[in-house]
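Trainee: Sequence:
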Amino acid sequence: MIIFTLLSAVARVSGGAYEPIFEQYELWKNNGQNALSSKQEEVFAQKYLSPLLLCGAAKTSKPRWLIKTLSNDQTSFTGFTSLIKLTEDKFGYDGNFSLRPTATFIEPFAINDQNRQELQVLRDKIKGENSLGYQKINSLLASAENLSNVSENRTKGKSPVFFYSFSDMPLNIPKELYQKLVYLTDKIVKRLCQVSGKLERTNDLESSINNPDENFERQLFTGSVDWMIVNNTPYLIDIGSPAIGYYNDIFYGNLSSKTNVPVGFDSLKELSTNNITLISAEKDKELGFFQEERKKVIEGLKEQGVNVTEINNEFYEAIINNISLPTKSYDYVTRNQDIRRRVLESIENLGFSLPKQEWLESDYENARRFTLKYNPKEGIFVKKRIRERDYYKPLVCPIWSKEASSKTGPVLYEEFVPSLIDCSVDGISGKRSFEIRLYYAGGRT
37 MIIFTLLSAV
47 ARVSGGAYEP
57 IFEQYELWKN
67 NGQNALSSKQ
77 EEVFAQKYLS
87 PLLLCGAAKT
97 SKPRWLIKTL
107 SNDQTSFTGF
117 TSLIKLTEDK
127 FGYDGNFSLR
137 PTATFIEPFA
147 INDQNRQELQ
157 VLRDKIKGEN
167 SLGYQKINSL
177 LASAENLSNV
187 SENRTKGKSP
197 VFFYSFSDMP
207 LNIPKELYQK
217 LVYLTDKIVK
227 RLCQVSGKLE
237 RTNDLESSIN
247 NPDENFERQL
257 FTGSVDWMIV
267 NNTPYLIDIG
277 SPAIGYYNDI
287 FYGNLSSKTN
297 VPVGFDSLKE
307 LSTNNITLIS
317 AEKDKELGFF
327 QEERKKVIEG
337 LKEQGVNVTE
347 INNEFYEAII
357 NNISLPTKSY
367 DYVTRNQDIR
377 RRVLESIENL
387 GFSLPKQEWL
397 ESDYENARRF
407 TLKYNPKEGI
417 FVKKRIRERD
427 YYKPLVCPIW
437 SKEASSKTGP
447 VLYEEFVPSL
457 IDCSVDGISG
467 KRSFEIRLYY
477 AGGRT
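Residue numbering for the sequence shown follows the numbering used here, starting at 37 and increasing by one per position.
I should point out that these hints are in silico values taken from the structure, not numbers from a laboratory. Be careful, since some hints might not be right.
Claimed, not checked - The calculated DSS-like cross-link candidates involving lysine-lysine, where the alpha carbons are at most 27 Å apart (straight line), are:
no.	residue 1	residue 2
1	Lys409	Lys438
2	Lys211	Lys409
3	Lys467	Lys413
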């Protein structure tokens, strides 16, 4: 039997209000349509970077930090999370709300016997601030860096303390829209499993895409799907596996908004068939966020009566019935941008849309044409992977920025679809970009 079950749902919301972006875009169009100078970008960054966005900001290059803050990304303290509340027809927040860096983690690589207690004190002080206290938060982060002597050579987790913020009020979403997103996520997950399941057996990509096999083996354990909503049309923004962060989002969201949203351990138990091996990285390489989440998930599964084993391996999420999950074929189908898109396009008639994409030589003129064609209102697009490179981190970028062009070869340009909502955060009102993330568990029992 094929199982698809929703574990939880949250909203990711941008830390900055978008009105200054609209204003700057109009100025850009009226001034010859050239990229802004460094000084002009600096002036705009000073205007756009709200107190929340200044948390953890680099001391130099505010324009570069500006680029990092335009999406709903939380990896650098730049956005916030809200739990979701279902309503009959209401969309939005019930008035002004506040943000708290509730989810705050000390990185294991930064802790030693001498600084452990001091870092814990700094972590607790950060948790007590709100989004207006960015100067104090930055001071606390600087103190943590002085304590830990972080190496410049680290490629991830450079800050000794990582945090992200939650609203103390949930985001209202109409039940009918939510049910549509759940339905679409179900169909998308199953199609990806069907294609990768057939590919696993036949190694025939064309046949797997055009004639997916419903009798697939278990392909995944947990995952996530991100949606943006524009004029009631759901845009599929991203998919991922495993569902990294799902437990932390719900646990800390409950703390912040004083709610009691269930975590979904009963669903995980059903899929794990009472025995599961979970994967962990070596402790000096793992980040505190993942370490805490894995610990809590293991505790929750054991309370459900599941036998849990841990091993060190960075390549899989879990092993169930001797199958490493996600499987190599599922990992390939979901991570390969071009293949994944072909699979999703085969079921796009279900009622969702995919952002428009084009491979272009990355000069400024091509970036300008693409943006005016697909996002003429906000002037924002996404620079994605460079052809013939294994990976390129998506970069949400305004057309008037020097980041719009590149000298490294063809770039995959993608339409950015900012679904905007009016809200007031700690007294600062404006339109903010949001996406809805659905965390699911799925597979074949």
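Trainee: The structure should be examined with respect to each hint, and the outcome stated for every one.
Mentor: Structure-based check of each hint:
1. Lys409 to Lys438: Given that 27 Å is the threshold and the Cα spacing comes to 19 Å, the pair holds.
2. Lys211 to Lys409: violated, 33 Å
3. Lys467 to Lys413: holds, 14 Å
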